Amino acid sequence: MELLANLYIGLEVALTPINLLYCLGGVFVGTLVGVLPGLGPTATIAMLLPVTFGLPPVSALIMLAGIYYGAQYGGSTTAILINLPGESSSVVTAIDGYQMARQGRAGLALSTAALGSFFAGSVATVLLVLFAPPLAEVALKFGPSEYFSLMVLGLVASVILAHGSLLKAVAMIILGLLLGLVGTDVTSGVPRFSFDVPELADGINFVIVAMGMFGLGEIIRNLENEQVRDVFSKKITGLWPTLADLKQIVAPVLRGTVLGSALGILPGGGAMLASFAAYSLEKRVSRNSANFGKGAIEGVAAPESANNAGAQTSFIPMLTLGIPSNPVMALMIGAMIIQGIQPGPQVMTEQPVLFWGVIVSMWIGNFFLVVLNLPMIGLWVRMLTVPYHLLYPAILVFCAIGVFSLNNADFDVYLMALFGVLGYVFAKLDCEPAPLLLGFILGPMMEEYLRRAMVLSHGDPTIFVSRPISLTMLILAAIALAVVLLPMIRKTREEAFQED
Amino acid sequence: MSIIKSQKDFFAGLLFILFSIGFLWLAKDYNFGSARRMGPAFFPIVLASALLVIGVIIGIRGVAVTEEPPRGFTFKGLVLVIVGTLLFGVLVRHAGVVVATAVLVAVSAFASQHFKLMPTLVLAVGLAAFCAVVFVYLLGLPMPIRGPWLGG
Numbered sequence: 001m002e003l004l005a006n007l008y009i010g011l012e013v014a015l016t017p018i019n020l021l022y023c024l025g026g027v028f029v030g031t032l033v034g035v036l037p038g039l040g041p042t043a044t045i046a047m048l049l050p051v052t053f054g055l056p057p058v059s060a061l062i063m064l065a066g067i068y069y070g071a072q073y074g075g076s077t078t079a080i081l082i083n084l085p086g087e088s089s090s091v092v093t094a095i096d097g098y099q100m101a102r103q104g105r106a107g108l109a110l111s112t113a114a115l116g117s118f119f120a121g122s123v124a125t126v127l128l129v130l131f132a133p134p135l136a137e138v139a140l141k142f143g144p145s146e147y148f149s150l151m152v153l154g155l156v157a158s159v160i161l162a163h164g165s166l167l168k169a170v171a172m173i174i175l176g177l178l179l180g181l182v183g184t185d186v187t188s189g190v191p192r193f194s195f196d197v198p199e200l201a202d203g204i205n206f207v208i209v210a211m212g213m214f215g216l217g218e219i220i221r222n223l224e225n226e227q228v229r230d231v232f233s234k235k236i237t238g239l240w241p242t243l244a245d246l247k248q249i250v251a252p253v254l255r256g257t258v259l260g261s262a263l264g265i266l267p268g269g270g271a272m273l274a275s276f277a278a279y280s281l282e283k284r285v286s287r288n289s290a291n292f293g294k295g296a297i298e299g300v301a302a303p304e305s306a307n308n309a310g311a312q313t314s315f316i317p318m319l320t321l322g323i324p325s326n327p328v329m330a331l332m333i334g335a336m337i338i339q340g341i342q343p344g345p346q347v348m349t350e351q352p353v354l355f356w357g358v359i360v361s362m363w364i365g366n367f368f369l370v371v372l373n374l375p376m377i378g379l380w381v382r383m384l385t386v387p388y389h390l391l392y393p394a395i396l397v398f399c400a401i402g403v404f405s406l407n408n409a410d411f412d413v414y415l416m417a418l419f420g421v422l423g424y425v426f427a428k429l430d431c432e433p434a435p436l437l438l439g440f441i442l443g444p445m446m447e448e449y450l451r452r453a454m455v456l457s458h459g460d461p462t463i464f465v466s467r468p469i470s471l472t473m474l475i476l477a478a479i480a481l482a483v484v485l486l487p488m489i490r491k492t493r494e495e496a497f498q499e500d
Numbered sequence: 001m002s003i004i005k006s007q008k009d010f011f012a013g014l015l016f017i018l019f020s021i022g023f024l025w026l027a028k029d030y031n032f033g034s035a036r037r038m039g040p041a042f043f044p045i046v047l048a049s050a051l052l053v054i055g056v057i058i059g060i061r062g063v064a065v066t067e068e069p070p071r072g073f074t075f076k077g078l079v080l081v082i083v084g085t086l087l088f089g090v091l092v093r094h095a096g097v098v099v100a101t102a103v104l105v106a107v108s109a110f111a112s113q114h115f116k117l118m119p120t121l122v123l124a125v126g127l128a129a130f131c132a133v134v135f136v137y138l139l140g141l142p143m144p145i146r147g148p149w150l151g152g
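Here the protein sequences line up with chains A and B, keeping their order. Take the first sequence: its position 185, counted from the start at 1, is 185 in my numbering, and no numbers get skipped. Take the second sequence: its position 85, counted from the start at 1, is 85 in my numbering, and no numbers get skipped.
Since the hints were derived computationally from the structure, they do not count as laboratory data. For clarity, every value in this text was computed on a predicted model and none was experimentally measured. No residue lacks a Cβ here, since even glycine has one placed at the ideal position from N, Cα and C. Everything hinted at is true.
Ranges between beta-carbon positions, derived for each pair:
hint : chain 1 : residue 1 : chain 2 : residue 2 : range
1    : B       : Lys5      : A       : Ala290    : 35 to 43 Å
2    : B       : Gly22     : A       : Gln342    : 27 to 35 Å
3    : A       : Phe195    : B       : Ala35     : 24 to 32 Å
4    : B       : Leu121    : A       : Thr385    : 15 to 23 Å
5    : B       : Glu68     : A       : Leu239    : 41 to 49 Å
6    : B       : Gly22     : A       : Leu140    : 37 to 45 Å
7    : A       : Leu485    : B       : Leu138    : 52 to 60 Å
8    : B       : Lys76     : A       : Gly378    : 35 to 43 Å
9    : B       : Ile21     : A       : Gly143    : 32 to 40 Å
Here are the simulated SDA-like pairs of lysine to any residue, each with C-alpha atoms no more than 20 Å apart in a straight line:
hint : chain 1 : residue 1 : chain 2 : residue 2
10   : B       : Lys28     : A       : Val197
11   : B       : Lys76     : A       : Leu418
12   : B       : Lys5      : B       : Pro69
13   : A       : Lys247    : A       : Gly107
14   : B       : Lys76     : B       : His114
15   : B       : Lys5      : A       : Val425
16   : B       : Lys28     : A       : Ser188
17   : A       : Lys283    : A       : Arg255
18   : B       : Lys5      : A       : Ser165
Derived list of chain B stretches under chain A, where covered just means 3 residues or more per stretch with a C-beta under 8 Å from a C-beta of chain A:
hint : segment
19   : 26 to 35
20   : 72 to 83
21   : 96 to 105
22   : 126 to 135
Kindly generate the complete structure, drawing on both the sequences and the hints.
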């Protein structure tokens, strides 16, 4: 069995003491990030990237992955205990989770979230093992035109799933693509948009963009209206669900897992969309839908399972196609490139140890998370009491040191400050930074594939519609765009994002 | 009633237009090439032109569609966070990581309405010590603990 052989390769890598340690470290930091409001997984991963440059690629990716799915867990703790989602995918968990906490059922809400996430994470990992190889096989047959169309589809999908105005999201993507082109043009060797600044000759490091827009920009935004948080300080009891509780959460967890896994695979999907969709689905199918918003356990079980499943399956397009489905995956791709690994379908065949090692580590990491979260909940609750006004200067210091240490250049720190201003201004104008980062990472790749496709076709642009796979993807992209533009669907989409 | 009905759309559109004009202007010096052999200017000019069109549409919506203006703009937060970060960049190499960290903490913490002197000082000193030990001693990042300005 090839599958078992692959799992064996993965286990061998993931179970080495050093990688176990990086996995544990990753999920620990991830949980911390998820728990502390005001510091998202994107900014944290960007902040910690320089630390991983010195590690072997497998260890680096294992740790970064751990931070991402760890943050999904941690986010639920904050959502339940202080009605403040630690990161965006926990927004809906806060609705019923906090009500449960106020009714004295905080322990049950926390354990439901943890157990649901563990189950969903395990299932999604199996899906990853099953679906990644055939997908990569298909992708290996892709030529430049297929790749270009796939990236168009990915970017369109990310626009649809962005909050707010579609046009602004498209504009942010294009701006990201343009900023990604800064630096020396690989084909002609001409320095582009670099203002004769030597630091810009190699292009802008994506860590600087991510940290500026997601780190600094977010901090400035949080300074607009600082609220004193009301931490749920009663002792948390009743951590273990009864048999009756378990019976009640089985179906929502299963539905959340299926929905989350499916949405995670979509380009542009990921944890956030999954949790929103699972919540609204559960509200529709549940027999006690009147209870939603008043502490329904299903309203915690379904979205928490879905966001974790989505977080895991969003690795599928990243690992097999080299296409990021969300900003975190964009950073992972950047991390791979820095480690000298060209992301794409060949990763699985050329780097089986890396590929299977990272996947198996997710299983182990999910187990760590249950252990870390339930017995140690007291520690995380205490973390919540760290006031934000003492937290954000520390975050700023870590961002500044991280960016400086990229190239040992003060210029990078100034550039990060510039992106911080941009990030804040764009946020005030309702322009989301996530599409910009996706475009930024994809810009150089898209240009490369476009050029190659046009060389192959002798300058005939019909190559994109004459090849079936490429055409299919462009049609899918067009359908996706048309669908959101329809007034009815647009309205539902607005409703879905209204909680934010 | 001002002619700008939605400040968010109007200024977002304006910003996108400025960016696109900037990219178009810079790209004019590069070789455009042909569809078959694209020059360095091809992709940027296509993208920037699209951005220009979208920016104009967003901007027009800003004078056509009424919407609430953005609320709670924090000029103080923006300036202090950015100035603190820039100061870090200036100081880290010349005065060392201890001073740079302490200055960044002090300047940025002042942006909070919960700012209190003592806790901020403790945080600044603590973080400076932490960064010197962890980043310079343990991780070996090439940053001076005490820079040349302080005789290091």
